[in-house]
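> Order-wise, the sequence lines are chains A and B.
No gaps in the numbering here: position 150 of the first sequence is 149 in numbering that gives the first Met the number 0, and each next residue is one more.
No gaps in the numbering here: position 555 of the second sequence is 554 in numbering that gives the first Met the number 0, and each next residue is one more.
No wet-lab data here; the hints were simulated from the structure.
One or more of the hints may lead you astray.
As the list makes no split between identical chains, a pair holds if one copy fits it or if it spans any two.
Below, computed lysine-lysine pairings styled on DSS-like, alpha-carbon distance capped at 30 Å [to be verified]:
hint: 1; residue 1: Lys566; residue 2: Lys686
hint: 2; residue 1: Lys24; residue 2: Lys361
hint: 3; residue 1: Lys537; residue 2: Lys686
hint: 4; residue 1: Lys333; residue 2: Lys361
hint: 5; residue 1: Lys234; residue 2: Lys595
hint: 6; residue 1: Lys236; residue 2: Lys595
hint: 7; residue 1: Lys595; residue 2: Lys115
hint: 8; residue 1: Lys566; residue 2: Lys684
hint: 9; residue 1: Lys361; residue 2: Lys108
hint: 10; residue 1: Lys108; residue 2: Lys333
hint: 11; residue 1: Lys403; residue 2: Lys234
hint: 12; residue 1: Lys572; residue 2: Lys236
hint: 13; residue 1: Lys372; residue 2: Lys236
hint: 14; residue 1: Lys372; residue 2: Lys404
hint: 15; residue 1: Lys404; residue 2: Lys234
hint: 16; residue 1: Lys24; residue 2: Lys90
hint: 17; residue 1: Lys404; residue 2: Lys333
There are 2 protein chains.
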Amino acid sequence: MANRLESLFSPESIAVVGASRSERKVGWEILHSLLAYRFRGRVYPVNPRAGSIHSIRAYPSVLDIPDPVELAVIVVPSAHVLQVVEEAGTKGIRALIVITSGFSEVGPKGRQLEEKLEGLVRKHGMVMVGPNCMGVINTHSRVQMDATFSPILPLRGNIAFMTQSGALGVAILQQARNRGVGLSKFVSLGNAADVSLHELIEYLEGDDQTDLILLYIESFGQPREFMPIARRVTKGKPILALKSGRTEAGRRAAASHTGALAGPDVGTQALFEQTGVLRANTIAELFDIGAAFSMQPLPQGRRVAVVTNGGGPGIMAMDAIVGVGMEPAVLSDKTTAYLRARIPEEASPVNPVDLIADADAKRYGLAVGAVLKDPNVDALLVISVPPIVEDEVAVARSIWRAAKKQSKPVVSTFLGRGEQSPGVTELVDHSVPTYLFPESAARALAAMRRYQEYLERDEGTYRRFRVRRKRARAIVETAVQERRTRLHEMEALELLRCYGFRIVRSRLVDNLPEAQAAAEEIGYPVAFKAVHPEILHKTDYGAVVLDIRTRQELDDHHRTLSLRLEKEGFEIKEWMVQEYARGGKETIMGMNLDEKFGPMLVFGLGGIYVEVLNDVVFRLTPLTDADALRMVRGIRSYPILEGVRGEPPSDVAGLAESLQRLSQLVQDFPEIEAVDINPYLVFEKGKGCKVVDARILLTPLERGAR
Amino acid sequence: MANRLESLFSPESIAVVGASRSERKVGWEILHSLLAYRFRGRVYPVNPRAGSIHSIRAYPSVLDIPDPVELAVIVVPSAHVLQVVEEAGTKGIRALIVITSGFSEVGPKGRQLEEKLEGLVRKHGMVMVGPNCMGVINTHSRVQMDATFSPILPLRGNIAFMTQSGALGVAILQQARNRGVGLSKFVSLGNAADVSLHELIEYLEGDDQTDLILLYIESFGQPREFMPIARRVTKGKPILALKSGRTEAGRRAAASHTGALAGPDVGTQALFEQTGVLRANTIAELFDIGAAFSMQPLPQGRRVAVVTNGGGPGIMAMDAIVGVGMEPAVLSDKTTAYLRARIPEEASPVNPVDLIADADAKRYGLAVGAVLKDPNVDALLVISVPPIVEDEVAVARSIWRAAKKQSKPVVSTFLGRGEQSPGVTELVDHSVPTYLFPESAARALAAMRRYQEYLERDEGTYRRFRVRRKRARAIVETAVQERRTRLHEMEALELLRCYGFRIVRSRLVDNLPEAQAAAEEIGYPVAFKAVHPEILHKTDYGAVVLDIRTRQELDDHHRTLSLRLEKEGFEIKEWMVQEYARGGKETIMGMNLDEKFGPMLVFGLGGIYVEVLNDVVFRLTPLTDADALRMVRGIRSYPILEGVRGEPPSDVAGLAESLQRLSQLVQDFPEIEAVDINPYLVFEKGKGCKVVDARILLTPLERGAR
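Just chain A, with the same shape it has in the complex (with noise of 0.2 Å):
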């Protein structure tokens, strides 16, 4: 069966619904556009009050066209669009692009109007993108379809772009115009009503006219379908994403604009990483990095050259390669010693690799072709600054086609020039891209590495361990019949026993000889906790003294510490009594479910100080076991785990495989709504891990299960 997308990318036929006569009307650039790039199919102006626009003959409606019509683009006011559509479906029209708004992005009663016109897409089997988008293109030779209203026609090209804002997408096609960036598809998604992204990336995916797809992205819809899909598609074609709304700030920006509520940053960072999406910063960013992507290979290492006419830019763009992650080349004997022969002695044979300011095309040529050979070279960045003798286009010409001979990625740079300028144009036809500054240009380059390291990298299984499930079940069931929304202390830790995790040697007890026969059950030292509903988080109040290593330290701990808390209104009934583990490392991991992307998994080390500089990585469930095991890597304090000033690594793997038993066990418990393991403790490798105390919270009942 043909895919339902093909009626909407390559329609026979166009109706036009709400063309119009004036021009600078979005019902009179959409014609125009359809016509300018020379659309291969035929196209019906529809406008009851017109006989004819741009010399064609118009009909009052889709009913009144004598032929078949395959696609319709609706203009019309949004009082008039279920009319149409209802015509468009009795008329057997396939697809629709519905370019007016006034619809869920302007409240209650505009959600109300899509809902009615979902239903009727619905009803008639159509396909429809919109509404309150700016249109589709299809630069397809045996289809250029430019159904938009940008007055900007598009260059082909291997990129499809999708975008979310219809305000940014005149924007996006003038960027890829001006760039010489040449374009496969193009959509703007509008309210995504009916066709999503999600369905749009699978479509692209067996495109054989699209080899990177581009997003600009607001909200996502379903993260959750997102995430499958994109983790297969991405191992074949690239995503390159740019996703707003990524502070506080701007969040609230996006609820207010697209009537979505955009989910929080972690949630989207997590989602990249674990389907391989690059994310880019800013539409210029996507870009620069989308233009290396279509015209150039992958890079097979991280080591970069430099090849300059200009000391001072070869020293910027050093620092620029050693910003992103990338590493300088060290030139092979054999390049220096043939470079040193071929250039002036006043350049530098090593890289950077200085050719000096009268550097001409003959001197670019040869040594773009002896760099690129050296096996010490993954990547070139060729730097040329504006010479006194102006002949930009012969070096770059020289440039291209030394790159040309080589399967590493070249990326280079005039400096000083406009997007315009002669050399620029010269090398972006030949598809060597051309930035205005080497950071961009090391940008792009750190991003396709990133690209072929995710290209190599394992994404592991998903494992199922076997777990006492039925006993926890029981645990949960019992505090949800009590209408309770936090488990009790030792429920807690029991329920995570039933999932494979250890805990430390726990008691609780109601008075102090209690406490001394568990602490000499137990063995000292020990950790001695006051124990109270009120009281969550128990370092905060004080209530938790370690390494009691004595019976008559205990006394004392018992009786300052009933006092100071009695003062501040906690009467203290039971107490933990734990054994105090020496030698672990404290780390933290939980669960909170998100509304948007559902349980998110956190990880992190213990201790005031990584709380403070906020050092912890979330991920999506599921989890494979390379996603755990990444998440354990992911922290910046992760050289502490792997052991320094000679301590001994801890038990890495002992934490990623908790992380899959946590994954395991929200995901058989959606009544979960938050798990904190804090501490964790971590023991050397081999020894595995155990927790020392956990705080599980379950959803109130009026939220209702998931």
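Once you have looked at the hints, place chain B on chain A.
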């Protein structure tokens, strides 16, 4: 007395020595630039083989010129430079711009030549820019001197640009021209054999044509001379600098390129922080920020409003604003009500103010005016995305007109437009800086705000403490006489005590019975450490036991420690017994002597977390009291010192005073090469700090005193 640089910047007459008849040669370009930019004085080409150049009579040598000459631009080959300079001196020429390369940048031979050149210049009392530079520009209407080989003529403006890289010079001039950024002066410093960066900055301080100084720096000549000058100048005129060679790789390149040993970046960072020099990371940033400074007033706060005609760009702008550390403005009810009554229903009257796609000039004008009037707004970012109705000049006009009525900074983004688009030109011509993307606009506002905060910040005073300097001198001299490069354990503590540091009670003992007695005297709990000349970092060897609470524990640890260290080859003959101070937080404080920057102080929290996360702050000496306080507050983990989770705040004032005492110590004793106080315990506010362990190294005698 007139400044000696006057002859350089405002000469009455110029000789171009090495002027050439061949177009595209440097000697031709310079003469051409002088004529094309219409130098107001007289120009004399000098060339032994040409009768006239550019239709001007040429002379075989400067000595043949019948009139007085104030400035000579020298472009002859390096072999002839000395003769030409000698003749220039004889002729009474006051200033030289030596374009010729082949001096210290090419190695030892060139360095010798440069020294001779310097000698000649000094002998004749001349002033020289270069050698190996690309020239000097003064756009003053009474001078109009473009003495560079750049083919681009400058625009007149209020920015002075100094660059150490000649190669970047042309690119910089092209960028400035493309962006409509006007210059007052431009100097390519070259090898700076005579006129140095700080001399130029001092000159520009008094130059009423210059409001803002932009620098491209590869290496500081004398950072310690730069410091006091920059600290003074920046309080009147902003200095914005791009320092390259900031990463290791870049630094290697800098060293080989300029022949100067580039300092590590921490020194630069400290220098900029202490002098208020604003740092740009890229050339693009330098211009982005420079344009805003040169055209707009400084913001009086961090609250930024956005006016846009597209929702997506508004969200991106908010992300950018928060990302650079500014705050989204919350519009007053009055402003919101005013806007709501005047903009369409679908538009948004709160920040970001979204005027929707069809916003015309009138709507922009009223929104910009209203938002700028709002007392809750400190700065404004206006965005325009391409509307269907292309009337961008009218929109631009209404923006700058509304902006002119206020004294708050306004920056703008015409998304998707090129630098030459008519709306952009309209804005820039009327002093509203315009950026391709909102990120650059936000960055510019943030830099202006940082500068305003710097203007308001208290620079503090240099305190001198009463110390026991004589006793300290005796300790250092004993070590120097014994040819030691390291103070003994107790000497180091004593030296610090002389400068007012408190030390934890410490006893150096020879055996267990002495240790027992010391522990009783100090009082349990104690810390117990093995002392051995080959054990530099005790914790690395596990040679430290903390929190010993009983004599039994002391005996046990003495036994196990002796045995283990003996196995590792250390016979322990000395032990340290110290008070184990509870409730203190570990910090580290120290000094390292940098070849370029001199004594560099360092401060951070202790513990392995912070070490792994590299959370330390460096500062140059001397340190004001305000510098010291900012240094302590500068670490990322500073909230820990303020007290988190109900903990009391630490004695931050005590730490700041300690840093000033350390500054005084290392200034008093240039023999000291490194100080490492680790851990330095800080107690609750008002309770001071205590040294636990200190290591002090002296410069080896053969390297001599500095």
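> Does each hint fit the structure? Answer for all of them.
Hints versus structure:
| no. | hint | verdict |
| --- | --- | --- |
| 1 | Lys566 x Lys686 | between (42 Å within a copy, 26 Å between copies) |
| 2 | Lys24 x Lys361 | between (53 Å within a copy, 19 Å between copies) |
| 3 | Lys537 x Lys686 | both (27 Å within a copy, 27 Å between copies) |
| 4 | Lys333 x Lys361 | within (20 Å within a copy, 67 Å between copies) |
| 5 | Lys234 x Lys595 | within (25 Å within a copy, 49 Å between copies) |
| 6 | Lys236 x Lys595 | within (26 Å within a copy, 50 Å between copies) |
| 7 | Lys595 x Lys115 | within (25 Å within a copy, 73 Å between copies) |
| 8 | Lys566 x Lys684 | between (44 Å within a copy, 25 Å between copies) |
| 9 | Lys361 x Lys108 | between (68 Å within a copy, 29 Å between copies) |
| 10 | Lys108 x Lys333 | between (73 Å within a copy, 27 Å between copies) |
| 11 | Lys403 x Lys234 | within (26 Å within a copy, 53 Å between copies) |
| 12 | Lys572 x Lys236 | neither (61 Å within a copy, 67 Å between copies) |
| 13 | Lys372 x Lys236 | within (27 Å within a copy, 50 Å between copies) |
| 14 | Lys372 x Lys404 | within (9 Å within a copy, 61 Å between copies) |
| 15 | Lys404 x Lys234 | within (27 Å within a copy, 55 Å between copies) |
| 16 | Lys24 x Lys90 | within (26 Å within a copy, 73 Å between copies) |
| 17 | Lys404 x Lys333 | within (19 Å within a copy, 66 Å between copies) |
In this structure, only the earlier hint numbered 12 is contradicted, and the remaining ones agree with it.
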